[in-house]
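> Protein sequence lines, in the order shown, are assigned to chains F and V. Counting from 1, position 320 in the first sequence corresponds to residue 320 in the UniProt record's numbering; the numbering is continuous, with no gaps. Counting from 1, position 234 in the second sequence corresponds to residue 234 in the UniProt record's numbering; the numbering is continuous, with no gaps.
In case anyone wonders, no lab produced these hints; they're calculated from the structure. A couple of the hints might just be wrong.
If several chains are the same, the list does not tell them apart, and a pair holds so long as it fits within one copy or across any two.
[To be verified] Mimicking DSS-like on lysine-lysine, the simulated pairs with C-alpha atoms at most 27 angstroms apart in a straight line are:
1) K183 x K259
2) K28 x K183
3) K55 x K183
4) K163 x K302
5) K55 x K300
6) K300 x K84
7) K84 x K106
8) K163 x K300
9) K106 x K163
10) K28 x K163
11) K259 x K28
12) K106 x K28
13) K84 x K259
14) K300 x K28
15) K55 x K302
16) K28 x K55
17) K28 x K84
18) K55 x K259
19) K302 x K84
20) K28 x K302
21) K300 x K106
22) K55 x K84
23) K300 x K183
24) K259 x K302
Treat the numbers as computed from the prediction; the structure is a model and nothing was measured.
2 protein chains.
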Amino acid sequence: MAVYTEVSDDDLEEFAAEYDIGEVVSCKGIAEGVENTNYLLQTDRGNYILTLYEKRVNPDELPFFLGLMEHLAARGLACPTPIKGRDGTALRTLCGRPAAIVSFLKGMWTRRITLNHCAELGPAMAAMHLAGADFPMTRNNNLSVSGWRPLFESIRPRAAEIKADLEQTIADELDYLEAHWPKALPVGLIHADLFPDNVFFLHDRAAGVDRMSGFIDFYFACTDALAYDIAICLNAWCFEDDGAFNATKARLMLNGYRKVRPLSADELLALPLLARGAAMRFLLTRSYDWLNTPPGAMVKRKDPMEYYRKLRFHQGVGGPGQYGIA
Amino acid sequence: MAVYTEVSDDDLEEFAAEYDIGEVVSCKGIAEGVENTNYLLQTDRGNYILTLYEKRVNPDELPFFLGLMEHLAARGLACPTPIKGRDGTALRTLCGRPAAIVSFLKGMWTRRITLNHCAELGPAMAAMHLAGADFPMTRNNNLSVSGWRPLFESIRPRAAEIKADLEQTIADELDYLEAHWPKALPVGLIHADLFPDNVFFLHDRAAGVDRMSGFIDFYFACTDALAYDIAICLNAWCFEDDGAFNATKARLMLNGYRKVRPLSADELLALPLLARGAAMRFLLTRSYDWLNTPPGAMVKRKDPMEYYRKLRFHQGVGGPGQYGIA
Numbered sequence: 001m002a003v004y005t006e007v008s009d010d011d012l013e014e015f016a017a018e019y020d021i022g023e024v025v026s027c028k029g030i031a032e033g034v035e036n037t038n039y040l041l042q043t044d045r046g047n048y049i050l051t052l053y054e055k056r057v058n059p060d061e062l063p064f065f066l067g068l069m070e071h072l073a074a075r076g077l078a079c080p081t082p083i084k085g086r087d088g089t090a091l092r093t094l095c096g097r098p099a100a101i102v103s104f105l106k107g108m109w110t111r112r113i114t115l116n117h118c119a120e121l122g123p124a125m126a127a128m129h130l131a132g133a134d135f136p137m138t139r140n141n142n143l144s145v146s147g148w149r150p151l152f153e154s155i156r157p158r159a160a161e162i163k164a165d166l167e168q169t170i171a172d173e174l175d176y177l178e179a180h181w182p183k184a185l186p187v188g189l190i191h192a193d194l195f196p197d198n199v200f201f202l203h204d205r206a207a208g209v210d211r212m213s214g215f216i217d218f219y220f221a222c223t224d225a226l227a228y229d230i231a232i233c234l235n236a237w238c239f240e241d242d243g244a245f246n247a248t249k250a251r252l253m254l255n256g257y258r259k260v261r262p263l264s265a266d267e268l269l270a271l272p273l274l275a276r277g278a279a280m281r282f283l284l285t286r287s288y289d290w291l292n293t294p295p296g297a298m299v300k301r302k303d304p305m306e307y308y309r310k311l312r313f314h315q316g317v318g319g320p321g322q323y324g325i326a
Numbered sequence: 001m002a003v004y005t006e007v008s009d010d011d012l013e014e015f016a017a018e019y020d021i022g023e024v025v026s027c028k029g030i031a032e033g034v035e036n037t038n039y040l041l042q043t044d045r046g047n048y049i050l051t052l053y054e055k056r057v058n059p060d061e062l063p064f065f066l067g068l069m070e071h072l073a074a075r076g077l078a079c080p081t082p083i084k085g086r087d088g089t090a091l092r093t094l095c096g097r098p099a100a101i102v103s104f105l106k107g108m109w110t111r112r113i114t115l116n117h118c119a120e121l122g123p124a125m126a127a128m129h130l131a132g133a134d135f136p137m138t139r140n141n142n143l144s145v146s147g148w149r150p151l152f153e154s155i156r157p158r159a160a161e162i163k164a165d166l167e168q169t170i171a172d173e174l175d176y177l178e179a180h181w182p183k184a185l186p187v188g189l190i191h192a193d194l195f196p197d198n199v200f201f202l203h204d205r206a207a208g209v210d211r212m213s214g215f216i217d218f219y220f221a222c223t224d225a226l227a228y229d230i231a232i233c234l235n236a237w238c239f240e241d242d243g244a245f246n247a248t249k250a251r252l253m254l255n256g257y258r259k260v261r262p263l264s265a266d267e268l269l270a271l272p273l274l275a276r277g278a279a280m281r282f283l284l285t286r287s288y289d290w291l292n293t294p295p296g297a298m299v300k301r302k303d304p305m306e307y308y309r310k311l312r313f314h315q316g317v318g319g320p321g322q323y324g325i326a
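The shape of chain F in the complex, shown without the other chains:
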């Protein structure tokens, strides 16, 4: 929630002149996005998002992320499209940082997840998986099973500051996940961070419902089991604030997904394990951030214990039926 890099009007003028987007009439820093600096850029032709990539993004990976957004948008998926400059490139430098302009996506992320939102999310996620099938680039998911142990070792000495049994819980679970992690599921392009703040909706007043208007923030996207994206969403969308799992939300999301891209028997069976892995991934990164972010910092820390409890839930799940599906 911050602007890390302030862009002067002079620098902006020069940068925008590389594009055929009209005259800049406004440029305001957006208080969203914990990784990068985002500006809402308005010209006399329309709205755009200007992103400066900060240190947590590897510049070498930007062609993958921007290429993916362009690919998905070209296939009709609602997502930001990189705008190319007059020289044909979308990625350039601003204030010493890699920077790009992407199209503006209407909509707002929901702060209160309803059944409506879960029903919309499922088919849109499946459509994204289908649209990504022929994307030619690949990117390893460095926050999947092989990346968890090093993350664990880095937080291990201070894990007890979060919860007394956190170290033992993670150690046991990691052993299990490493031994049982599925290797033969259908693989493709996944978003890998489809939390509510990355999914936009627009209210359809006539119908009285919210309609999904697009996905944003593809900077964790990678090549991995497609069902792992679903597992991340089971965690991010189907628990209530009090920690209760809402099987109706899960059912609507999963059945909506399956109408667009059917899930194989193996994928369905793997869901509880994938959901444990997804819970582990966010338990580890949130624990890391919790221990390494000063309390007064500009970035609000997210509670790792939320994912400890979700992990515990999935550990007790006997089969995909408990996610509300037949």
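Following the hints, put chain V in place on chain F, whose structure we already have.
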């Protein structure tokens, strides 16, 4: 530089329904404004700013600020105009805070002040003073001479943390300002915070210059000597980063002002004293914020010493001629 209050999509939907502004299609928190929470609100009809007033604003004073913006806009001054709801009122409540929607003002504030900007600022400031002349409400300037001593007393015990001689410098200067502060200058509506981030410009590519597009942030506006607004701008616009006073900038600003609203001989003679007072006001408030803001806080602290040096400069000014004018 922060969003203090997060507005949920449900709350926003309900709030926006009180207005005749169309359907909300986007609402993004803006990383500007240290006092209030601002959202850039987009509907299918246009752009607006949604402001939630946080604790540093006295709710009782909001009718003055909103009334003033409405008054100035009605007289053709470029500034945000409060949008009234279907019930005819502009001020209502959102997330437990006073809140208002105002019109969106195109333009960007300049990070690099040029002669061009100073020449634009002068006449626009004078036009604002003229437009405010028949505004019926008044508001005491509680950050003028009578407010400085209480502020000083509150920072006095820790002033040495900023600079060894700060306490003595302020004590001596306060005695002088209280004894000599002018009481008979033309009084009217002043902005009282016309720093570069509150003045918007648009680039006129054909002419190769920036044109002023409007003033924002009237939440320090009050009734005081009109020339005091000019004195604030002498400090905020006419010093270089290295501390040097740029008399050419001052001359362009002052002469631009005088073409729209002539300055009396008394006002011209009082400028050096008013500039000392303006420097004192920001030296005191910045010192207060410096001593009372934790270093890691979301608000970036502004260096009080910048205004210590500006105060020292004006103490050495013999007459208005040193501001570049005849």
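> Run every hint past the structure and note whether it holds.
Okay, the hints, checked on the actual structure:
no., hint, in the structure
1, K183 x K259, "within (25 angstroms within a copy, 78 angstroms between copies)"
2, K28 x K183, "neither (45 angstroms within a copy, 41 angstroms between copies)"
3, K55 x K183, "neither (32 angstroms within a copy, 55 angstroms between copies)"
4, K163 x K302, "within (15 angstroms within a copy, 39 angstroms between copies)"
5, K55 x K300, "both (18 angstroms within a copy, 20 angstroms between copies)"
6, K300 x K84, "neither (33 angstroms within a copy, 34 angstroms between copies)"
7, K84 x K106, "both (20 angstroms within a copy, 25 angstroms between copies)"
8, K163 x K300, "within (20 angstroms within a copy, 33 angstroms between copies)"
9, K106 x K163, "neither (41 angstroms within a copy, 50 angstroms between copies)"
10, K28 x K163, "neither (40 angstroms within a copy, 35 angstroms between copies)"
11, K259 x K28, "neither (40 angstroms within a copy, 33 angstroms between copies)"
12, K106 x K28, "both (16 angstroms within a copy, 11 angstroms between copies)"
13, K84 x K259, "neither (35 angstroms within a copy, 46 angstroms between copies)"
14, K300 x K28, "both (21 angstroms within a copy, 17 angstroms between copies)"
15, K55 x K302, "both (20 angstroms within a copy, 25 angstroms between copies)"
16, K28 x K55, "both (21 angstroms within a copy, 23 angstroms between copies)"
17, K28 x K84, "both (21 angstroms within a copy, 24 angstroms between copies)"
18, K55 x K259, "neither (40 angstroms within a copy, 50 angstroms between copies)"
19, K302 x K84, "neither (35 angstroms within a copy, 38 angstroms between copies)"
20, K28 x K302, "both (26 angstroms within a copy, 21 angstroms between copies)"
21, K300 x K106, "within (25 angstroms within a copy, 31 angstroms between copies)"
22, K55 x K84, "within (23 angstroms within a copy, 44 angstroms between copies)"
23, K300 x K183, "neither (35 angstroms within a copy, 49 angstroms between copies)"
24, K259 x K302, "neither (34 angstroms within a copy, 56 angstroms between copies)"
In summary, the structure is inconsistent with hints 2, 3, 6, 9, 10, 11, 13, 18, 19, 23, 24 from the numbered list given earlier, while agreeing with the others.
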